[in-house]
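Asker: The whole structure should be built from the sequences, with the hints applied where relevant.
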Amino acid sequence: MQDQQTDRFSRRDFVKYSGVTGVAGVLAGCTGSGGDDSGAGDGGSGESGDSDESSGSTETESAVDEVVIGSNHPLSGSLANTGVRMDQAVQLAVMMKNEQGGIESLGGAQLRTISGDNQGEQELGGEVAQELIDEGANVLTGCYSSPVTSAATRTAEQEGIPLVISVSVANSILQDTNLNYAYRPQPSARRMGIDHARLLPNIVRDAGQEIQTAGLFYIDISFGQSIRDTLREELPANDVEIVAEEAIGFGDTADTQVTNFRDADPDAVIATSYRAETIELLNAMDNQDYRPPILAGCSNAAMNDVSALEQMGETAEGGFGTNFALDPTSSRAGDVRTRFEEEFDSGFDANVAMTYASTEVIIAAIEEAGSADPDDINDVLGSITVEDHIAAMPPITFTENGENENSLAPLHQVQDLRDRVVAPEKFAETDPSL
Amino acid sequence: MSPPLLETDELVKTFGSLVANDGISLAVEGGSIHGIMGPNGSGKSTFFNTVTGFYSPDGGAVRFDGHDVSGKSPDEIARHGLGRTFQIPSPFEDLTVRENLLAVFTDGIRSGLRVREQKRQRADELLDLLEIDHIAHQDAGGISGGQEKLVELGRILMLEPACVLLDEPTAGVNPSLRNRLLDHLVTLNDRGTTFVIIEHDMRVIADICDRVSVFDQGEIIVEDDFESVTNDERVRSAYLGGSAEHDASLETLIADPDPATVDGSEPGGRPSLGDDTATPSTGGASELNGTADLTSDSTPGDTGVTAAAGETTPDRSVIGGGSAVTAATRPDHTAESWIVGENLTSGYGSHRVVDNVSVKSRDGVTCIFGPNGSGKSTLLKTLAGVVPTWDGQIQHRDTDITGNSPADNVSRGITMLPQDGGIFGNLSVRENLLLGGYTVADQDVRESRLTKVIESFPELESKLQSRGRSLSGGQQMMLSYGRAMMTGAEVYLLDEPSSGLAPSLIDQVFEMTRRLVDSGAQVLLIEQNVREALRVADYVYILAQGQVQFEGAPGDLSDEDDLVSVYLGID
Amino acid sequence: MGDPLRSAVERYARFRTQWYGLPTLLVVVFSFLAVLPMLRGVSLLGVSPLGWLSLNSIILTLVWATAAQAWNIMSGYTGQFSFGHAAFFGIGAYATILLTADFGLSPWVGMLIGSLLAAGYGLLIGVLTFRYGLEGHYFGLATLAFAELLRYLFNNLAVLGGASGFFKPLPREYASGPGLAAFQFATDLPYYYVILGFLALVSVVSLVINRSQLGYYLFAIRERETAASAVGIPTFRYKLLGISVSAFFTAWPGAFWAMYFNTIRPDTVFDLLVNVEILLPAIVGGVGTVLGPILGSLIAIPASEFVRQSFEIPGVNNAVYGIILIAIVLYSPRGVVSWPSRLVELLRTRTALLSDDVR
Amino acid sequence: MDWCFASSRGEWIASAVMAVPSQLGGLDATVPLSLPGPAILAQYLVFAVLLGGIYGLVALGLTMIFGVMDVINFAHGALMVVAMYALMTASRMSGVSPFLLIPLAIALLFILGVGIYRATIAPIIDAPQENQLIVTFGVLLILTSIVQILFGSDPQKLELGLGSFRVAGVFVPEGQLYALIIAVIALAATWLFLQRTMVGRAIRGTADNRDGAQYVGIDVPRVDMLTFGIGAALAGLAGAVVPLFQSITPSLGDQYLINAFVVVVLGGLGSFPGAFVGGLVIGFIQVFGLAFLEGSTYQILIFLVFILVLLVRPEGLLGGASDG
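Chains as they are written, first to last, in the working numbering: chain W, 1 to 434; chain X, 1001 to 1571; chain U, 2001 to 2359; chain R, 3001 to 3324.
Worth flagging that the hints you see were computed from the coordinates, not collected in a lab. Computed from a predicted structure; not experimentally measured. Backbone N, C-alpha and C fix where the C-beta goes; we use that ideal spot for every residue, glycine too. A hint or two may mislead.
Residues of chain W placed beyond 12 angstroms of chain R at every Cβ, according to the derived structure [unchecked claim]:
#, residue
1, E157
2, S330
3, N401
Just some of the chain R residues that point at chain W, by a computed CB distance under 10 angstroms [said to hold, decoys possible]:
#, residue
4, P3036
5, V3046
6, L3051
7, S3145
8, S3153
9, G3175
Answerer: The following block contains the structure:
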């Protein structure tokens, strides 16, 4: 792993400092994409590639020896903590595939990851995608923050390189557009809201308890608002009335919001926020000696992250969460988790799991295509059904607009400060305790 | 008789408790040149600012060309044809001289993007007329002070105003340029432009003004033609200082020491105030006691001076007494000069303000006279280290202090009192005084000095906890003196301490100055109140256009008319 | 060795003072920009010196150059330092995309309406702040507040898209397909020339103002407002004109941003940092000059890009960028445009010293 | 300024701008506006005071630098972040209670502040204000990046096991309470320092009249350096108390920075009591705005108040109390 990274950077540095565009990477990309429209957006790459014949010729001959996956995640900036681990998930999936002998249909061709840092900036989403393509990526994954992902889809579309979104919840990325090269295995914000509004009341009521009212706690940005909007529609449809809505901004404490919940006294408090704000919520609950009968998170990574759960402590215990998750019924999923924790010494949370699963989709598509050609891979992605993946969802298959037809956000519960899937039954690893 | 072109009716402008213009009624005939004279702080510039809309009047009205323009914005008034210039020239520095003229708003609201040909022609004509066409393409930020005045005049003429108010148009302008400027004014006046001119230079008033109004303390005290005005004693008192007797010649003022009050304090050694280690009870303190003695010795008339302004008789004896102290030391000009500036040149930006000037402090009071803009303040600031020295050398007790920071110089015992006093308005009086002793490391020394300063200025004692800016003008001046004394300096650089003060307070200022001398310090003093200043002066420099025009004992200026001619510029 | 350089520099200094100096330089700069996308591919001895510059990054360079150029018309020319131009940028972005998405208007019409709205908002800000005599830091903070106000307004109003903002509609929904009419293109190169066109237009406006009667009024206000009003310039009115014109054109790069990227949100177009990104090129290049914002942008953004690409540790680029920024401001407070004249000075003093030595 | 005049103008603006929030209220359909019980109201009050106190503390250093040197220090928030992480790291490594390490953070930040002043501000103290602003922005970039690289962007929490006091049904979180107490002590100490020591007086004198200061022998550049150092140290103090009640991230400083700007202007530039008054105003708007308005609408209110104060009383609520 370490070697691989050094190699990656040193080659890239050569690119930077010598000023030779793309060098070998570009050529790999050209051959890979059949050279049809790679030149469109980038007038320079061809010529400079030609001028560097030695590396060019070797790459051309060995093109099928290697398939390159470009990982476009925030490795710095405020989203870096998750972004770095997502990038590591891509690397792990590739590593494990290579250990198993590479791509069979390509005679054991090795996979290689190249990573780019989009810093969570919209301006860099397309930029980094382009760089990865220039460096030879045959297929892309990324990008976590929705505006960044959205910018990356544009570049992918222009360059004709498939992009399998690792994590990015905004509905509109795929739904309001007409993209041919973008796929999203994970449930969208809307899907997650729907699943949550259905699964949570069901499981509570099955256990003979009441859930008639709910309070929403959301981070007041796009992500929080879109889940909030879905829950506003879907919770009443499942006979749960929303009696309080509390927004939180970055860097705020949640004291007032918790007082408001105390005042409104809902049966459930559903939090849609990032890790820091969720920790603030539970901290404020502790401080005000308040714990709603049901505490839940919708698309809340903090409820799936061991270290966050440990920070939140007892108050989080018994809380529910809806998020894409690792399939607890699959032993392979457990292995991957262990391997990840060993390899990178960091937490394997839902975002990481989903990224891993997305990379599995990519690998399956390459395998099925038997080609490193982006268009071949893209054709396969359009019709693929990936059954063997580690996410807690049915086989992944894409609709016309690139959404996963069977995307699912299972419900899990925090038990002994670990997240355990409790619904739907197919993926449940344990019974809910209420 | 046609109505006046510009007319003010009981115009009042106040700033807080200060009444800057107290019911000014002035009428300016169309086609005339009207002069305004008056000492500093008499409300001349405020009057201009109120008339031209920069201040909104607190009472009264301004009529121009038959319209009431009071309360209108400056640009509206300018467009009405009532233009003005500023005392401190304010060219548009990043524009060229020609562009300065083109920036004038001539075409009304219709003025679009194109600079009209007519306007360019007019600008070129004016550049020609004012003989500044050779610098037309230079940035206005880099031209000389005199040229700035011309540019400013040209700029306002672009408006083709019916009337222009000129605020000290010749201050800081060299003689040849000044004469040209005056010629231009006359030419323009012949072509129909009315001028109102604030001017200190009597020659300007004499040469070109049809009528003269003299301001004093926010009121017009005299209005007449030049001859009558200059012969009016009220004007002389207002102008040269109110407390002198009308018929007292300079000789009497200078060489009439009253031996009775000489009390034997001998300045010469380093004063105790400057000596950080000296304890208050040792010999050095006797000099300060001398000050205290002087206060206690003074007859009841002393308080009369403070209270009753302009009462000449009791006042003279005390002032006379004061000058007597210094007069005793006067013959001894061979004594050491603690601060010596040699061939100093300095200025601001690219402006040379002080030009190769050599000055020395001497025992007693060394006065620096000169018209506005002659470089007096800049010279003191250069000595103090506030304005960097471009060329030349400053020495303090044989140590080269050229390039020292003001803070260094204060630590060495050189303190400057800026013209506005420089007090800290938001800090209490006590804190102001304590900060005066900022460079004194020993708290005890500081405290004992504080006690003495408060003794010297008993009026401040009840105000110790008040904010500096809540004090009256006179008290503020006391405070700045007191604060300066707290530094324990041996050289004081005083920049017009009496400016802006009521005449009743001016005596106090000289008394305070004298106390500094009594405590053994050498004082360099800039003064406008020439008569008053001469009473305390031991040596005199007269500056004009940044150069020393005269230097010598005050006795050498034996004839008042001589003095007036040099100082006020009448040939 | 110094002599040929010196005479060249002196010749340049003379050239700069001619009336055609600046327009000629602008033509040179724009010619360079016109061929820049191609230059990236040119290689010398197997090395292409500009190869690392991506099309995306030079598009962004021009976006910020255009915004800075517009900012400069107000803050550079009239001296009213705005720290809230993101307001106008965001209004341009939102109006364009919102009117296209919800009303099916052409984005060009949307951009125009957005520009007018921005000018109107600028006018409102100006009327309030100038009437109350705000200046310096206070004016800057007020403009910042007006920008932040919009950020939270858009974030909280569902009709304005809320925090999720808007997605760019597909070209076929309101036009025949991608192309100039749709303000959307299949590739990046046309986008580059659109924003280059914007920059050229705004620069011409800036140049015209700079050389015009209007420019003199604005400069006079900047140099000394009291003196400006003393020569009859209605300063209030012209400051309002300055802020409106500036706001109007700041909306353009905003509109471009909306059509270039797929999506806009309050926290992307009204962000605090957008305010900085708008004024930064002008400060780096030289406030109050026509060339400054362009040169500043051409230096600051590619420098940032170069730094980003060159460092292995994610995030170090921001630190290095900060250092570059500080260095430029510390050592060249009048911006990059002042370098030639500073070189002239330097050479002159050096020559003077040398000749002194000879004597 | 004439107060009647000011307030009548203020009303006019208020009526003009209030049109916007009333429309917002119209959209606020999901949460009916009913007045909560007294215990809840008291709880809001407590939070408003706690929050306001912390905002006041955060603004202290900013207002000082602003008041004395007329420099807007954009790096203020970043300096806070440096202190947060310094405190966290020192506490974790040494195992010493973070309360005892606060002086360390202050000292560190003082040194950092002096360094920043000498390297970046001193050379351009006479340059146009915007240049100083850009320079401090550069410092912000550098500091934030370094913290991010060293510590990552994961939120981190100092495990102190602090709970809350319960007084008559009202909860007072210990962390915030201690932060407030420290804030008040800091205010008092700084105030005493400025009022009672010669250096403090010199700083105030310089803020009051930079020219006057040099005439009494105050080394103005030195005072500037000291002021920047103390301003940074106060940022350090503010940063050091934040981990007592909140999880920290490298970008947390940015959130506090904007609020601090608002607080400084509300309270009056350079006014210490003003900083706390401004802080309380913002604290109240935020807490009660969150309680009664939808989403983050309260932010709009904050900026409206901010603009209003700028227009009718730019010297701030407590700044420049004029005698006229």
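Asker: Need the list of violated hint numbers for this structure, in ascending order.
Answerer: Checked against the structure, no hint fails, so every one of them is satisfied.
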